[in-house]
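Student: Listed below, chain by chain, are the residues.
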Amino acid sequence: MTPIQYSLPIFPSRAKEPGSRTPDSKDSDPESSGPGDSGTGFGGPKFRVWTVTGLTRYIKDLLELDPELQDVWLEGEISNFSRATSGHLYFTLKDAEAAIQCVMWRTAATVLAWQPEHGAAAQARGHISIYPPRGSYQLYVDELHPIGLGDLHARFEELRERLRAEGLFGVERKRPLPVFPRGLGIVTSPQAAALQDVLNVLRRRYPLIGVYLAPTAVQGDQAPPQIVAALQAVDARDDVDLLLLVRGGGSLEELWAFNDERVARAIAACRHPVVCGVGHETDFTIADFVADVRAPTPSAAAELAVPDQTDLRQQIEACARQLVGLMERHLGQLRKAWEQQQRALQRLSPQARVDTRRQQADDLIQRASRALAYGLALRRSRLAGLEARLAALSPLATLERGYAIVRRSDNGAVVRRVDQAHAGDALTIRVQDGEFSASVQPPAGPAPGTG
Amino acid sequence: MSSELETLSFEVAFGELEATVQRLEAGDLTLEEAIALYERGMRLASHCNHVLDDAELEVKQLAPAGSQADLASP
Chain A
1 MTPIQYSLPI FPSRAKEPGS RTPDSKDSDP ESSGPGDSGT GFGGPKFRVW TVTGLTRYIK
61 DLLELDPELQ DVWLEGEISN FSRATSGHLY FTLKDAEAAI QCVMWRTAAT VLAWQPEHGA
121 AAQARGHISI YPPRGSYQLY VDELHPIGLG DLHARFEELR ERLRAEGLFG VERKRPLPVF
181 PRGLGIVTSP QAAALQDVLN VLRRRYPLIG VYLAPTAVQG DQAPPQIVAA LQAVDARDDV
241 DLLLLVRGGG SLEELWAFND ERVARAIAAC RHPVVCGVGH ETDFTIADFV ADVRAPTPSA
301 AAELAVPDQT DLRQQIEACA RQLVGLMERH LGQLRKAWEQ QQRALQRLSP QARVDTRRQQ
361 ADDLIQRASR ALAYGLALRR SRLAGLEARL AALSPLATLE RGYAIVRRSD NGAVVRRVDQ
421 AHAGDALTIR VQDGEFSASV QPPAGPAPGT G
Chain B
1 MSSELETLSF EVAFGELEAT VQRLEAGDLT LEEAIALYER GMRLASHCNH VLDDAELEVK
61 QLAPAGSQAD LASP
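Chains A and B supply the protein sequences, listed in that same order.
1 is the number of the first residue of the first sequence in the working numbering; add one for each residue after it.
1 is the number of the first residue of the second sequence in the working numbering; add one for each residue after it.
Because the hints were derived from the structure by calculation, they are not lab data.
Here the structure is a predicted model, which means the values were calculated and not measured.
Glycine is no exception: its CB is placed at the ideal position from the N, C-alpha and C atoms.
Please note: incorrect hints may appear among the correct ones.
[To be verified] Part of the chain A face toward chain B, derived, beta carbon under 8 Å:
no., residue
1, TYR212
2, LEU213
3, ALA214
4, GLN322
5, LEU326
Hey, can you work out the whole structure from these sequences and the hints?
Tutor: Structure (structure tokens):
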């Protein structure tokens, strides 16, 4: 482009040069063309003196009539980004050497599908013009596109759709995590703060676990093949039963390795379940979709991977309490059963039968003694009868009727005949109520009727 | 018995502890069986706690991808 030669002394005539693009060449507007006689005071050759407005408009026209400047694609880094309350966007596009002011009217800004921000690389399409109040030229932006980002987004969407269609994200592919993992393979950068976060969580929650760190780069071109190799190495171990793939937060570009198809397929091929925790809550990567469990952050991934010993200790405590309670219950049941048996035993005791028998025995004894007493009495009375009969037969009873028994005193022989008694013999005479002695008188002949 | 128990890993001991509680819960045991289960369960619980108390996180770093060495110290 030819420099503008506004200092030429022949300027007034230049306005009428053929090929000049000066729209003010009509000179109808005194304010804009403004050549005047103000230069007369110097007395020298006549200079054309511009008003600020006039020159500004001149420049503006120059710019706006250049087709090259009226449809510009400009690439640079956004800085000093601001969104006015009116909805218009103001920012600067710059590179290492230069900067150009940009404005994007609200009508164009509302259709933006992304959030431009300070530091983002962008391509803007618009036209160059001048803002007269400030005398600055700027790009009036009609379209604004993120650089690279848009491309990455498209690749992300393409890969996600392809793998989804292939069934790699299917719910039926998700494996449950082991309740008590013994070995945990961690695939990440050894220098990353994310690793320390993970180890801190493991130390606090479940220090029993063996940790196998498979080191890898987590960003850059080398990251995807390294992540794949690290996953394969740690997945091959038999002392590992769970894998953790983690990386701290970063830009979409920095997290890009986790949107790599090789990494996605390596995760899907792991024989152990994989927990993926990449970036922050809002970052979703292809690796997240393929993994068996997606965690919002590396720390959260560690928390999902292992149980918490606080919970475990509570469970152990609960088990011990249950054991005590169950044992007490068991003993209580035994005691109760024992008491029941005791009562049953009492109910079935032979004591009652013993008592019955004892009473029966008493009855028999009583009956026996009664029978004995009766027998005695009977016998007594019969004895008495016999005695009476005996008494009736006794010679003593005859004595009562006046008879006497005579015995010899010397030998007690009963004297029945005369020749048994001789004179002088002493006799004992027994009568009813006693005895007395007598002596035999000389013979007096036998008594009549006796012999 | 106690030496056998000390060799049990946490998850095995914890699993047996839960099973012991369930067994005792199910009942239908002689007094001897119940006492044996109770004592075993209490030992398991105390073993589990000890394992947790004594645990320290061990981290082994594998050799970087492509290297032939197996394990490298962190």
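Student: Next, verify each hint and record whether it holds.
Tutor: Verification of the hints:
Because the closest C-beta pair between TYR212/A and chain B is about 5 Å apart, less than 8 Å, the hint holds. At its closest, the beta carbon of LEU213/A sits 5 Å from a beta carbon of chain B; the interface hint therefore holds under the 8 Å criterion. At a threshold of 8 Å, the smallest CB-CB gap from ALA214/A to chain B is about 5 Å, leaving the interface hint in force. Contact between GLN322/A and chain B, as hinted, is supported at the beta carbon level, the nearest pair being about 5 Å apart and thus within 8 Å.
About 4 Å separates the beta-carbon of LEU326/A from the nearest beta-carbon of chain B, less than 8 Å, and the hint is met.
The structure is consistent with each of the numbered hints, conforming to all of them.
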